[in-house]
Structures are given as structure tokens and as C-alpha cells.
Amino acid sequence: MPGNFATASDVIRFLPEIILAVMGTLLMILDPLLHRRSSNAFGHLSILALAGALGGAIYAYLNGGPAFGGMLMVDGFATFFGVLVIVAGILTILPSYRFLARQGAETSEYHALLLFSVAGQCLMVAANDLIMVFIGLEISSISSYILAGYLREDKRANEASLKYFLLGSFATAFFLYGVALIYGSTGTINLAGVNVVLSGPGAPSLVFVGVAAALMFVGLGFKVSAAPFQVWTPDVYQGAPTPISAFLSAGPKAAAFAVFLRIFTTAFAPIGHGWEPLVWASALLSMTIGNFAALQQSNIKRMLAYSSIAHAGYVLVALTARSEVGTAAAMFYLAAYAFMNIGAFAVVSHLSGKGERYQNIEDFSGLAQKQPLAAAMFSIFLLSLIGVPLTGGFFGKFYIFKAALESHLVWLTVLGLLNSAVAAYYYLRILVMMYMREPAEATEAVEPLSPGLRLALIVPAIGTLFLGIFPNWVLDFAGKSSVLLK
Amino acid sequence: MNLLVAVLFLPLLGFLIALAIPRSSAGGSRVWAMIVSVVTFLASLGLLFWFDRGSNGEQFAIDWPWITTPNIHFAISANGISLWLVLLSTLLTPICVLISWRAIQNRVKEFYAFLLLLEFGLIGVFLAQDLFLFYVFWEVSLVPMYFLIGIWGHERRIYAAVKFFLYTMAGSVLMLAAIIYIYNRTATFSYPAILDMLASGRLIFGPTEQLWLFLAFFGAFAIKVPIFPLHTWLPDAHVEAPTAGSVMLASVMLKMGCYGILHFCLPLFPSAARACAPWIVVLAIIGIIYGALVAMVQPNMKKLVAYSSVSHLGFVVLGIFSFTLLGLDGAVYQMLNHGISTGALFVLVGLLYERRHSLAITDFGGVATAAPWLSTAFLITTLASIGLPLLNNFVGEFLVLQGAAIAHWQWAIFAAIGVILSACYMLWLYQRVFYGVVREEVRVHLPDLHLREWAAVVPLILMMVWMGVYSQSFLPPVTRSNARVLEQSQVNVSLRVQSPAPNPHPLTPVSLEASNAR
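Taken in order, these protein sequences are the chains called R and Y. Residue numbering for the first sequence is 1 to 486, as defined by my numbering. Residue numbering for the second sequence is 1 to 518, as defined by my numbering.
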């Protein structure tokens with residue numbers, strides 16, 4: 001309705017983004033005022049902001065529906081991913097207290113940027129229109145570029161940030177080009193509108209739409225670090241501050257996958273047979289490259305980066321299935337993955353020490369003897385990453401391959417499962433180090449677990465086990481939300 | 001409260017509480033593990049008591065919905081085969097606690113916690129009646145064993161532990177794919193329901209489909225058994241594991257594979273199983289002879305026993321794929337026998353290691369003089385292991401050979417060579433270790449059995465004698481369950497069970513004919 005800028009329901013449905021943006025700005029304003037006194041205050045405040053956003057997201061869901069003339073859509077799908085990225089944000093902040101203190105870094109901008117990034121992701125997952133997707137993507141990405149290079153003194157962080165920024169900008173450009181082509185050929189940027197045009201009579205030539213879809217695939221494939229657009233991932237994950245690596249592997253990735261799922265299963269559903277082979281190949285490549293490259297790594301952050309490429313491959317398998325079950329499987333998997341991966345990175349950041357000296361797999365030697373709790377939690381995350389039953393990772397994988405088999409993707413399933421057996425090897429290496437070797441330099445020097453870290457380990461561990469033993473709650477919600485997509 | 005649930009969850013409860021015992025109290029962990037494992041064993045004796053020996057069906061069945069999408073149930077029950085395997089697990093766990101009492105001094109709390117978790121996983125594997133649940137237990141049992149080998153094992157423990165984990169994992173992921181495939185066909189994981197569908201013809205696996213599914217399941221089980229070319233993880237795992245790990249691995253974990261073949265492969269994929277039987281039998285016979293020959297030249301006692309396991313388990317596979325009731329009975333009996341006698345062998349070898357800190361045969365000699373009771377126990381176990389009449393293995397081997405002879409007399413001849421070879425390597429081992437000149441180190445370092453060790457060894461020896469003398473206490477429920485397996489494995493198959501001639505084209509789509517007729 002022209003003239004009517006925003007109704008009350010629009011504001012309610014936009015609540016999480018508003019809270020995050022306002023609080024992020026507030027943190028920046030408070031910086032000069034609070035700075036001297038307590039640097040932990042920013043952490044507390046941003047957790048408060050995220051908790052508020054969480055409440056806002058749930059309130060918005062209860063009053064769900066389209067907002068701003070259908071540019072946003074607050075449905076189960078959006079809420080699922082919204083809650084996911086907000087929780088990922090909280091779990092990132094918990095280990096950050098000690099991390100930032102140890103590195104002697106400023107805390108206000110860090111938290112403000114994190115809040116902006118989460119706000120961008122909330123926008124992405126609710127976007128129902130290609131321009132909103134783009135705006136959300138940019139808000140999220142630009143904050144993450146800065147966060148990746150947050151430790152200014154560190155050469156690797158600089159490299160990571162620059163690489164991430166340059167390649168990321170290209171990727172977004174590709175995405176935008178795709179959006180332009182879609183608008184040119186269909187005359188709409190609304191996702192449901194594109195679907196209608198593509199499935200109706202007089203659909204535009206497949207060449208244009210196909211090229212557009214391919215370009216958007218490149219852009220989004222970069223964001224989720226799917227092969228062959230994955231090359232930035234190890235360098236960025238290694239160079240970025242460890243809690244930020246955790247965040248990148250959970251929040252932005254989940255949000256990008258949400259966009260991926262929404263665009264490809266709604267707007268591009270009519271040309272599904274066209275993009276399916278593309279995603280099929282990318283899924284297989286991601287799993288294989290990720291897992292086999294991870295076998296070679298000695299740096300744990302690089303290893304987890306390659307593992308995150310492989311896991312993106314698993315989620316792409318779910319996308320290839322092109323079914324509601326597949327979408328629900330992907331949603332479940334991303335939730336499980338967020339828990340286990342943030343948890344794993346939290347242990348890494350705990351151990352890494354000042355200047356992130358200890359990043360090698362060998363540095364974990366004997367952790368089980370020095371800090372049994374940290375080692376036990378890490379084991380849960382690793383077993384979940386391997387896909388051992390009674391963990392969320394297993395059930396996610398199970399559900400994904402079930403969806404794939406339902407869609408008769410037998411070869412992809414078999415190759416994917418064999419891939420996950422290969423993957424077991426490099427996760428086991430860490431277990432071997434922690435439990436079967438004597439303590440070494442890094443584990444002798446490890447500091448006691450701070451309360452924040454303790455929470456950052458226990459909460460994801462409980463989440464991982466909960467998703468593995470009682471997957472129903474999340475699964476049912478994901479199942480319902482995946483139906484809403486169409 | 002269903003007793004079966006209690007037997008299954010007692011070890012898990014014990015595990016969770018064991019985690020809460022403070023690290024400093026090693027004695028507390030030991031005592032707690034002992035209490036839990038003994039109580040579990042007593043509870044499982046209750047199962048035996050209330051088990052209806054006259055019925056061939058599943059008993060103590062529990063079916064609780066667990067996850068709704070997909071439809072997964074917590075369904076467990078016991079039959080005449082799994083009952084004994086559960087009892088085997090619950091009997092061996094307290095024995096493992098006993099023999100680890102002194103041997104494990106390092107990270108005691110974790111050791112016993114993992115042992116209890118292992119018991120939970122193993123019992124679960126034998127009871128699960130939901131394919132998903134079965135897979136869960138199958139994998140869950142892997143993790144504690146991995147840690148048991150990797151943390152408390154010998155020099156090359158890490159290599160052995162990782163190899164063990166990866167081998168099993170690689171096999172089982174394909175089984176997972178097959179399980180999902182079956183679910184997508186039937187919309188259920190419930191094993192009885194699937195068998196029902198097969199029996200009534202509502203579910204028919206085409207020949208190719210069946211072959212692939214069979215191979216996916218069989219691959220996972222064959223690695224675990226292990227069947228000949230897939231056995232290479234076993235000697236490493238056995239040699240490197242601590243004594244308790246070796247015992248649980250040999251006695252119970254290997255049976256997971258055998259049980260899987262018997263309980264799942266045969267009833268689910270009857271024609272494929274029969275089609276592949278000749279090939280599998282060939283591998284089994286190769287395993288029997290190869291395992292025995294390799295055992296003969298081992299300089300390391302544990303490795304010798306490990307290779308003898310390969311040989312013994314060849315008999316089990318041979319019995320199963322003879323598709324005769326005698327053969328199946330023999331196979332199950334042999335599973336239990338191997339659990340008891342090889343378990344005892346590993347216990348005794350472990351006791352020798354504890355005393356002498358060596359597993360090399362050449363480091364011993366004349367032990368019989370230094371430790372006569374230990375030697376006697378070892379002798380009885382050796383005789384049981386080589387199949388002396390009146391001891392347990394004889395019954396099993398006899399039945400297997402008989403069943404194999406009914407199917408194909410040539411099979412029995414080749415397999416019988418294995419029996420002869422087993423006498424060679426075991427008696428030769430006994431001679432070198434226990435007889436001969438008493439070496440000085442042996443005299444000094446080898447005290448005889450003391451009370452705790454007696455308590456671990458005697459139950460096993462009693463079982464050897466009991467199972468050898470009066471197999472009727474054990475066999476009737478086994479036979480009933482086996483008869484049912486055989487009957488189920490005839491669905492879709494036009495073969496007669498004990499037909500001497502194999503079907504020339506076992507993979508002809510009999511199932512399709514059946515469906516047309518209907």
C-alpha cells in the first residue's frame with residue numbers, strides 16, 4: 001500500500017532485526033563511555049541483545065506472515081533459521097570473553113559487528129524477495145569481513161580478511177548479476193512471483209533463467225563454501241579469530257543455506273531438473289575435496305575448515321533431493337552442525353593460548369588428563385561430526401541420506417556415506433591425541449576453564465546429544481516449515 | 001517393568017554413575033563396576049528363568065515409540081539365540097572387571113566406565129528389533145572399544161584402535177544405506193513387521209535389489225566376524241588391546257557379526273544369501289585353514305589366539321551357510337563356545353602377561369612347574385578349544401561339520417582339516433609355554449593363581465564342562481529359533497532346506513513368480 005510505510009504487524013515481524021541493529025549501534029555509542037571500566041560489559045550487553053532478538057523472533061513467529069508488502073516472510077522456515085543464527089551468535093560470544101581478553105583486543109566493535117552480522121542473517125533467512133536477500137547478504141558479509149581481520153596486528157588475520165573480502169565481493173557480484181537477469185527475464189524479484197512466471201505458459205527462455213540460476217549458485221556456493229568455490233575457506237578459518245571461525249561456519253553458512261533452499265526450492269522449483277545435476281556434482285565434489293584435504297591437515301583450524309566444506313557437501317545432498325523431506329533434513333543438519341562445530345571451535349579457542357600459538361593437532365596431546373571435561377565435550381562434538389549414533393550429527397546425516405534415497409539418488413548416497421567413513425579418520429586423530437597421548441607443551445599450559453567457556457562447551461554438547469536422542473522436536477518443526485515453503 | 005529393559009539399561013545407568021565417581025577413588029570405580037556388572041548378570045539370569053523354552057517367538061518384547069519422523073521405535077526382545085548371547089555378555093563383563101583389577105592402574109575411572117558402556121552397546125545389539133535401533137547399538141558399541149584399545153593397549157595401540165574403528169565404520173555405512181533403502185520401501189524399521197511383509201508377499205525384493213542389499217548388510221557383518229580377506233584388523237586389535245578388551249572383543253563383539261548374519265541376512269534376503277552361499281563357504285573354509293596355519297607360526301601368544309579366532313569363526317560361518325538346522329545350531333553353539341573358551345584363553349594369556357610382562361612364547365617355558373593351577377586351567381581351556389569330546393567346542397564343531405556334510409560332504413572334509421590344525425597349534429603352544437626347562441625369570445615371576453583370578457577363571461571352566469557334557473541345557477531354545485530362521489529364509493525361495501543339490505540358478509526371480517501367482 002503506497003503511503004503506508006509500515007504497519008504495526010510489519011514492525012512486529014521485523015522485531016529481531018530491529019533489536020539487533022539498535023543494540024549494535026548502542027554498543028558503538030557506549031564504547032567511549034564504558035571502555036575504561038569493564039570490557040566484559042559489551043559481551044553481557046550483546047548476549048542480552050541476542051536474547052532479546054530471540055524473544056523477538058519467537059514473538060514475530062507467533063504473529064507470523066508477510067511483512068513490508070511481501071518483501072519479508074516470517075514463517076516457520078524463517079524462524080527456524082532466525083533462532084539458529086541468533087543462538088549461534090550467543091554461543092560465539094561465550095568463548096569470546098576469554099579469547100578477547102587473552103589477545104588484548106577491543107571488545108566493543110567486535111560485539112557490535114557480531115550483532116550486525118546476525119541482524120543481516122536474520123534478514124536473509126526471512127527474505128522473500130531477491131533484493132532483500134541481497135541486502136541481508138551484504139549486511140552479514142561486510143560485518144564478517146571485518147570480523148575475520150579483527151586482530152589487526154596478526155598477519156594471518158589480515159590475509160584472511162582481505163581474501164575473504166575480495167572473493168566475497170566477487171561472489172556477491174555474481175549473485176547480483178543473477179538477480180538482474182532474473183528480473184530482466186521474468187519481470188519480478190519476488191520468489192513466489194518468479195516461480196509463477198517460470199511454471200506458467202510463456203516462460204522465458206531457459207538460457208536466461210539457467211544462466212541466472214547458475215550465477216546465483218556461484219554466489220551462494222561461495223557463501224556456503226561448496227566446491228568448487230571453497231578455496232577461501234581454509235585460509236579464512238585459519239586466519240580469523242577462532243570464535244569468529246566458529247561463527248562463520250555456523251551462522252552465515254546456515255543463513256546462506258536458508259537462502260539457497262528458499263530460492264532453489266521455490267523460485268527455481270520449475271527448472272529443478274536443470275539445476276539438479278549442478279548441485280549433485282557440487283555436493284559430491286565438496287564432500288570429496290573437503291574430506292580428503294582434511295586428511296592432510298596438521299593445523300586444526302584448517303582441518304575444521306575442510307571438514308566444514310565436506311559438511312556443506314552433505315547439506316547439498318539434501319538440496320539435491322529436491323523434496324520437503326530433503327529441506328527438513330538440511331534444516332535439521334544445519335542446526336546440529338551449528339552446535340557441534342561451534343563447540344569444537346570453542347575447545348580450539350580455549351587451548352590456543354595467547355596469539356593463538358597452539359593450533360596444531362599435536363597440541364591436543366593429553367588434554368583428557370589435564371582437563372577431562374573439555375576433552376569429553378570435544379569428544380562428543382567429534383563423534384557427532386563423524387556421525388556416531390545418539391548425536392545430532394548422526395541423525396542429521398541419516399535424515400539427509402534418507403531423503404536422498406527417497407529421491408533415488410543411490411550413487412550420491414553411497415559415495416556420501418563412504419565419504420563419511422573416510423572422514424572418521426581425521427576426527428579420530430584428535431581423539432587419539434587427547435586420550436591416547438601424554439600431555440605436551442600446549443596442554444600443560446592450558447588455563448582453567450572460565451565460566452563462559454564452560455557454558456560454551458556444555459550447552460552445545462547438550463544440544464548435540466539432545467538432537468541425537470530426541471530429534472523429534474526440531475525435526476517436526478523443520479518438517480512443518482519445509483512444507484510452508486511452497 | 002520389563003526385565004529385558006532392566007538388563008539393557010543397568011549398564012548404561014552404571015556408566016552414567018561411574019562418570020560421577022571422583023577420579024581419585026580408583027577403588028570406588030572398580031567396586032562400582034563390579035557391583036553393576038554382577039547385578040546385570042543376576043538380572044540376566046532372571047531372563048533365563050522366565051524365558052519360555054517352548055516357544056520359538058520373540059519374548060519379553062517391548063515396543064515404545066521413540067522418534068516419529070521417520071517412524072523409529074525402541075523395540076527390543078529376546079529369542080533363543082540372543083538370550084544366550086546376552087548371557088554371554090553379562091557373564092564376561094564381571095570377569096573382565098576382575099581381571100582388570102590389578103592390570104589397569106591408569107585412568108581407572110574411565111576404563112570401567114567404558115567397559116560398562118560397551119556392555120550396554122553389546123546387549124543392545126543382540127536385542128534390538130528395530131533396524132535403526134540395531135544400527136545405533138552397532139555403532140555405539142564401537143566407541144568404548146575404540147577407547148579401550150587406544151588408551152589402555154600396548155605399544156601399537158593407536159594404530160590398532162584406529163584401524164578397528166575405520167574398518168567397522170566403512171562396513172557399516174553401507175549397511176546404513178541398505179537400512180534406509182528398506183525403510184523407504186516399507187515405511188517401517190520394525191524388523192518383525194518387515195518379516196511379516198516378506199512372509200505375506202506384500203514386500204518382495206527383486207533379485208538384483210536383494211543381492212545388493214544382502215551384500216551391504218553382509219559386508220558390515222563380514223568385517224565384524226571377520227571373514228577371511230577382511231580379517232586383518234583383528235590380530236592388531238587383539239594383540240594391542242588390554243586383556244579385558246581382548247576378551248570382550250573376541251568373546252562378544254565378533255558374535256555381533258555372526259548374529260547379524262543369522263538374524264538379519266538370512267531372513268531378509270533368503271535368495272541372495274543362498275546364491276552367495278557357495279562363495280561365502282569357500283571364504284569360510286579358507287579362513288578356517290588359513291587362520292590355523294597362520295596361528296601355528298605366531299611367536300606371540302595373543303596373536304596366536306587371535307588367528308585361532310579367525311579359524312574358529314570360519315566354522316560359525318560355514319555352519320550358517322550350510323542352511324541346515326544342524327549347521328545353524330552348531331554355528332550358534334560355536335559362537336557361545338568360542339566366547340567361553342577363547343575368552344578364557346585371553347584371560348589366561350593376560351594373567352601370564354601380568355606376571356611376566358611379555359607375550360612372546362619364547363619368554364616362557366616350564367610354567368607348569370612354577371604355577372601348576374594356572375597351567376591346569378590353561379590345559380583345560382586348550383583342550384576345550386581344540387574340540388576334545390566332553391568339552392564345549394566339540395559339540396559345536398561336530399554339529400557344524402554334520403550340517404556342512406549334509407549340504408556338501410566336501411565342505412566338511414576341508415573344514416575338518418581345521419580341527420586337526422587347531423590341535424597342532426594349541427598343543428604346540430602349550431608345550432612351549434608350560435613344559436620344558438623352567439627358566440629363572442619364570443620361576444621368579446610366575447606365582448600361581450590367587451583368589452581373584454580363580455574367581456575369574458573358574459566360571460569359564462565350569463561353563464566349558466557343562467556345555468560339553470550336557471548341551472541339552474542350552475540347545476533347545478537355539479534350535480527353535482534356528483528353525484524359525486530357516487523357515488523365514490525359505491520365503492521367496494523354491495529350494496528345499498536340506499536339499500543336497502544346490503539350485504543351479506538361485507537368483508531366478510522366484511519372488512516374481514510368487515507374486516504373479518497371487
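Quick caveat, the hints were computed from the structure, so don't treat them as lab data. A portion of the hints provided could be inaccurate.
Said to hold, decoys possible - Coverage of chain R stretches by chain Y, computed from C-beta distances (three or more under 8 Å per stretch; other residues unrestricted): (1) 45 to 51; (2) 212 to 224; (3) 276 to 290; (4) 464 to 477.
What the hints assert, rightly or not - Partner residues are not named here, just some residues of chain Y that face chain R (Cβ under 7 Å, in silico): (5) G150; (6) A170; (7) L203; (8) I204.
Said to hold, decoys possible - Take a look, some chain R residues computed to stay more than 12 Å from chain Y by CB distance: (9) L62; (10) T188; (11) S199; (12) F398; (13) E406; (14) G416; (15) S420; (16) V459.
Even glycine gets a Cβ: it sits at the ideal position worked out from N, Cα and C.
Holds or violated: the hint that Y/A170 contacts chain R, with Cβ atoms closer than 7 Å. 4 Å, holds
Beyond 12 Å from each Cβ of chain Y, as asserted for R/S420: 6 Å, violated
Mind verifying the non-interface call on R/L62? Its CB should be farther than 12 Å from each CB in chain Y. 24 Å, holds
Could you check if Y/G150 really has its C-beta closer than 7 Å to a C-beta on chain R? 5 Å, holds
Should the label of R/G416 as a non-interface residue stand, given a Cβ cut-off of 12 Å to chain Y? Violated, since 9 Å does not exceed 12 Å.
Whether chain Y covers the segment 276 to 290 of chain R (at least 3 residues having a Cβ closer than 8 Å to its Cβ atoms): violated (count 0)
8 Å C-beta criterion, at least three residues: is the segment 212 to 224 of chain R covered by chain Y: violated (count 0)
Does the claim that R/S199 lies off the interface hold, with its Cβ farther than 12 Å from every Cβ of chain Y? 28 Å, holds
Verdict on chain Y covering the segment 45 to 51 of chain R, where coverage means 3 or more residues with a C-beta closer than 8 Å: Contact hint for the segment 45 to 51 of chain R vs chain Y: violated, 0 residues under 8 Å.
Report holds or violated for the interface hint on Y/I204, using the least CB-CB distance to chain R and a cut-off of 7 Å. 19 Å, violated
Claimed clearance of chain Y by R/E406, with the beta carbon kept past 12 Å: 5 Å, violated
Is it correct that the beta-carbon of R/V459 has no partner in chain Y closer than or equal to 12 Å? Fine: 19 Å to the nearest Cβ keeps R/V459 off the interface.
Consistency note: the structure conflicts with the earlier hints numbered 1, 2, 3, 7, 8, 12, 13, 14 and 15.
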